[in-house]
Each structure stands twice: as C-alpha cells, then as structure tokens.
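Full structure from sequences and hints, please.
Residue numbers (the numbering used here), protein chains in the order written: chain Y, 1 to 111; chain S, 1001 to 1114.
In case anyone wonders, no lab produced these hints; they're calculated from the structure. Errors might be hidden in some of the hints.
The calculated lysine to aspartate or glutamate pairs, modelled on EDC-like cross-linking and capped at a C-alpha distance of 16 angstroms, are [what the hints assert, rightly or not]:
hint, chain 1, residue 1, chain 2, residue 2
1, S, Lys1009, Y, Glu40
2, Y, Lys37, S, Asp1038
3, Y, Lys50, Y, Glu66
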Amino acid sequence: QQPVQSPQAVILREGEDAVINCSSSKALYSVHWYRQKHGEAPVFLMILLKGGEQKGHEKISASFNEKKQQSSLYLTASQLSYSGTYFCGTERTYNTDKLIFGTGTRLQVFP
Amino acid sequence: DGGITQSPKYLFRKEGQNVTLSCEQNLNHDAMYWYRQDPGQGLRLIYYSQIVNDFQKGDIAEGYSVSREKKESFPLTVTSAQKNPTAFYLCASSIEAREDYGYTFGSGTRLTVV
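Below, the structure is given as structure tokens:
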C-alpha cells in the first residue's frame, strides 16, 4: 500500500529544475506533499485531490494523474532552501482518516 | 501561536522499560496521529485517533499503546514488547475535512534504547 517515490535522491545546482514522482498501485482520492529538513518536522506543501487542478506554491507545483495514480512535484529554479527530504502521503478515499507516506526523496541543492 | 508540542526532544530508555512520549496540540484539531520514522523507510503509522476516547491501530501498532482522554492530548507509550524502539517519533494533527489542509507535525522525539 505504501506509495513509491522516485527518484530516491536528487542533487541540483541552484537554479536547476527537478521532478519528484509518487506512484500508487491503488486508486487514490488525494495526494499530499511535505518537505522535511534534517531533524525537523515535516512541513505541508500542498494537497492534490481527485478531479482537482494542478496546484502551485511559489516555484513549487504539483499535478495528479488519476489514470496513472501518480502525482508529480515540480521544483523550478531551485533555491538552497529547497534542500530536504520530500514525502508524498496518499489517501484512498475521502477522509480515510490516515495518510500513508512514501519512503521519501532526498533533495540537495548546492550553490 | 497554535501548534503541536512534543516532549521530550530526546529520550533514552533501558531495555525492558516502558516510556511515554507526550504530544499536545492547541489547534483544536479533531484528529491526531503517531508516526515512526526510520532511515530510508519514510513515515509509518503507529496509531491514530479521530475523536476523544477512540483510536485505531495503524500499520505498526505492536508494542505501542495510546490514549485520547482529551482532545488536545495523544500520548504514546512504547512498551517493553516493542523489539526495536530506537527511532524518531512524530506526532501530527489535522482537521476532520482536509480538502485544503494537510497535517501539522510536531518537532519529534528521538528515542534511543541503551
């Protein structure tokens, strides 16, 4: 049931772009995206709902392909502050009460 | 400011001991969750609760227990039955209808068995 994230790790220079994918073998109602800095709490970025639109947050946006049960997180013109581990969390039905998280994608941005 | 407070930040346990991790929120959120984080395994759900005096097991509940006597509090007890308790524990909360809101996480408790 755990969603699969790819790639496992990404190394970027400032200003470069990255895409992180989250795939499920089961039909999904929603996908959440979080970013976690080392030793800190995960921070909510955005939620994508079934039938909903692509979301954006500054230079970070995401999409949800219902046919493929896959969500993608797009990081554009990356900044040093984007470094961290990105997790997707999935819900299979409306208000399932719990999120199942992927194993994470570690992103490092260098000057 | 509203948020979730987890304490202690670091905890050391001797083998065979039970320990309790505290989680308090002042966000007036209905639901609360406990996740365990190990390197390379992401976040795994231990227990969750939607309302006071009710909670459900997550994927890895064995060796753990919880209570939800107040809306604001959701303590987690790691019992001696948990074979490998060394991990980073995260508490989270959310409102019931989450169409635009995600989880709010606490800053975590790092538990080490010595």
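Going down the list of hints, with the structure as the test:
Restraint check for Lys1009 (chain S) and Glu40 (chain Y): satisfied, since their Cα atoms lie roughly 11 angstroms apart, inside the 16 angstroms limit. Restraint check for Lys37 (chain Y) and Asp1038 (chain S): satisfied, since their Cα atoms lie roughly 15 angstroms apart, inside the 16 angstroms limit. Only pairs whose Cα atoms come within 16 angstroms are accepted, and Lys50 (chain Y) paired with Glu66 (chain Y) is accepted, the gap being roughly 7 angstroms.
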